[in-house]
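Trainee: Sequence:
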Amino acid sequence: MLVVGELINSSRKAIARAVAERDKEYIQDLARKQVEAGAHIIDVNCGTSIGEEDKVMTWLVNIVQEVVDVPLCIDSPSAEALAAGLAAHKGQAMINSITAEKQRWEEVLPLVQKYKAKVIALCMDDGGMPESVDDRLRVAGRLVPGLVEAGIPEEDIYLDPLIKPLGVNSQYGVEALESVAALKEKYPKVHTICGLSNVSYGLPERRLLNRAFMVMCLTRGMDAFILDPLDMPLMGLLKAATALAGQDEYCLEYIAAARAGKIKA
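UniProt numbering puts the first residue of the sequence shown at 1, with every later residue one more than the last.
Don't take each hint at face value.
[To be verified] Listed next, the in silico DSS-like pairs over lysine-lysine satisfying Cα-Cα at most 25 Å (straight line):
#1 Lys-13 with Lys-102
#2 Lys-184 with Lys-90
#3 Lys-102 with Lys-116
#4 Lys-184 with Lys-116
#5 Lys-164 with Lys-184
#6 Lys-24 with Lys-55
#7 Lys-33 with Lys-189
#8 Lys-55 with Lys-90
#9 Lys-164 with Lys-116
#10 Lys-264 with Lys-33
#11 Lys-102 with Lys-186
#12 Lys-90 with Lys-102
#13 Lys-186 with Lys-116
#14 Lys-189 with Lys-116
#15 Lys-116 with Lys-24
#16 Lys-33 with Lys-90
#17 Lys-90 with Lys-116
#18 Lys-189 with Lys-13
#19 Lys-164 with Lys-186
#20 Lys-33 with Lys-13
#21 Lys-13 with Lys-24
#22 Lys-102 with Lys-33
#23 Lys-189 with Lys-114
#24 Lys-90 with Lys-114
FYI, nobody ran anything at the bench for these hints, they're computed from the structure.
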C-alpha cells in the first residue's frame, strides 16, 4: 500500500505563506513529520506561485530532499514546473499527472520517458471529466496501452479514476468504487490511486467520510492513496484494513506501527 503525503501544497494557506516567505524550516518539518507518520512519497505542489512556479518547484524539491530520503511526487498542471522539479529530483520521482488530453499527453509523456518516473494517469480526455465507469475504462484503454508502448512499465503507472464530491451527487461514491474494481480487473498489474479528500469536498466532518471511503476503496483494489498521513485515525484504519485484506503478511506492518505508537484505537 503506497501512501503519498499531500500536505506540501500551496493551495493550503499555511504552505502558501511558507512558500512566499521561503520558510524552509516549516516545510522541512512538515516533510519529516509526514514520513515519520508513514508516507512513502511526499507530494510537492506550488501551483499558486504564478510566474515563478518552476523556480519555486526547484526550491521545494531541493529543501525537502535535504531532510527526507523518500521519493517526491512532482505535482503541477504546468509542464515547465514538472520539468524543473524532475531535473532537481534525486532518484525515481512520481509525476502528478498525465491525462489522455492531447496537449497534456504531448507535454508530459516526454518527461515520464526522460526521467523514468512513476506517473499518475488521470482517467480524463479532451471530453472532460468522466461521467461513468465506462468512461473511465474507455480513457484508461488509451492511457495504459499508450504509456506501455512508450516504454513505461505497468508497475510505474497509477490510474486515478477521478473521485468527484459526494455532496454533488449521492452516487459518486458508488461510481468511484465500481470504477476502481473495473480498472483493477482489466489492468491487474497497474496501480490505482486517488486524492482521498476529493470525495468529501463541501461536506461537514470531512475526515470521517475520508476514512470510511478509504477502507471501501481498499476492498475494491485501490492500492495507493494521496492523503494526510498526520491523521492518526486514518492511518490506523489503513493499517488495519490492509491487514484484514490479506496484504500484510502475519500483520507485521500493523504490529510494528502499533508498537511504535503510530496507530491507536
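Trainee: Evaluate each hint against the coordinates.
Mentor: Hints, verified against the model:
1. At most 25 Å may separate the alpha-carbon atoms for a hinted pair to count; Lys-13 and Lys-102 exceed this at roughly 33 Å.
2. A C-alpha spacing of about 30 Å is found between Lys-184 and Lys-90, which places the hinted pair above 25 Å, so the restraint is violated.
3. Under the criterion of a C-alpha separation no larger than 25 Å, the hint pairing Lys-102 with Lys-116 is consistent with the structure, at around 21 Å.
4. Between Lys-184 and Lys-116 the CA atoms are separated by roughly 23 Å; this keeps the pair inside 25 Å, and the hint holds.
5. Between Lys-164 and Lys-184 the CA atoms are separated by roughly 19 Å; this keeps the pair inside 25 Å, and the hint holds.
6. With a C-alpha separation of about 15 Å, the suggested pair Lys-24 and Lys-55 falls inside the 25 Å cut-off, and the hint holds.
7. Of the supplied pair hints, the one linking Lys-33 and Lys-189 is violated, its CA atoms being roughly 31 Å apart against a limit of 25 Å.
8. A distance of roughly 17 Å separates the Cα atoms of Lys-55 and Lys-90; the hinted pair therefore holds under the 25 Å criterion.
9. Between Lys-164 and Lys-116 the alpha-carbon distance is near 30 Å, which puts this suggested pair outside the 25 Å criterion.
10. Proximity of Lys-264 to Lys-33 is assessed by CA-CA distance (about 17 Å); at most 25 Å being required, the pair is judged to hold.
11. The hinted pair formed by Lys-102 and Lys-186 meets the criterion: a straight-line CA distance of about 24 Å does not exceed 25 Å.
12. A distance of roughly 29 Å separates the Cα atoms of Lys-90 and Lys-102; the hinted pair therefore is violated under the 25 Å criterion.
13. Distance restraint check for Lys-186 and Lys-116: the Cα-Cα separation of roughly 24 Å lies within the 25 Å cut-off, and the hinted pair is therefore satisfied.
14. For the proposed pair Lys-189 and Lys-116, the alpha carbon gap of about 18 Å is at most 25 Å, so the pair holds.
15. Distance restraint check for Lys-116 and Lys-24: the Cα-Cα separation of roughly 28 Å exceeds the 25 Å cut-off, and the hinted pair is therefore not satisfied.
16. Taken as a hint, the Lys-33 and Lys-90 pair is honoured in the structure, with Cα atoms around 20 Å apart against an allowance of 25 Å.
17. For the proposed pair Lys-90 and Lys-116, the alpha carbon gap of about 12 Å is at most 25 Å, so the pair holds.
18. The hinted pair formed by Lys-189 and Lys-13 fails the criterion: a straight-line CA distance of about 38 Å is larger than 25 Å.
19. Distance hint between Lys-164 and Lys-186 is fulfilled; the C-alpha atoms sit about 22 Å from each other, no more than 25 Å.
20. Distance restraint check for Lys-33 and Lys-13: the Cα-Cα separation of roughly 18 Å lies within the 25 Å cut-off, and the hinted pair is therefore satisfied.
21. Taking the CA atoms of Lys-13 and Lys-24, the gap is about 16 Å. The hint holds against a cut of 25 Å.
22. Only pairs whose Cα atoms come within 25 Å are accepted, and Lys-102 paired with Lys-33 is rejected, the gap being roughly 38 Å.
23. Pair hint Lys-189 plus Lys-114 holds up; C-alpha atoms about 22 Å apart against a cutoff of 25 Å.
24. Proximity of Lys-90 to Lys-114 is assessed by CA-CA distance (about 14 Å); at most 25 Å being required, the pair is judged to hold.
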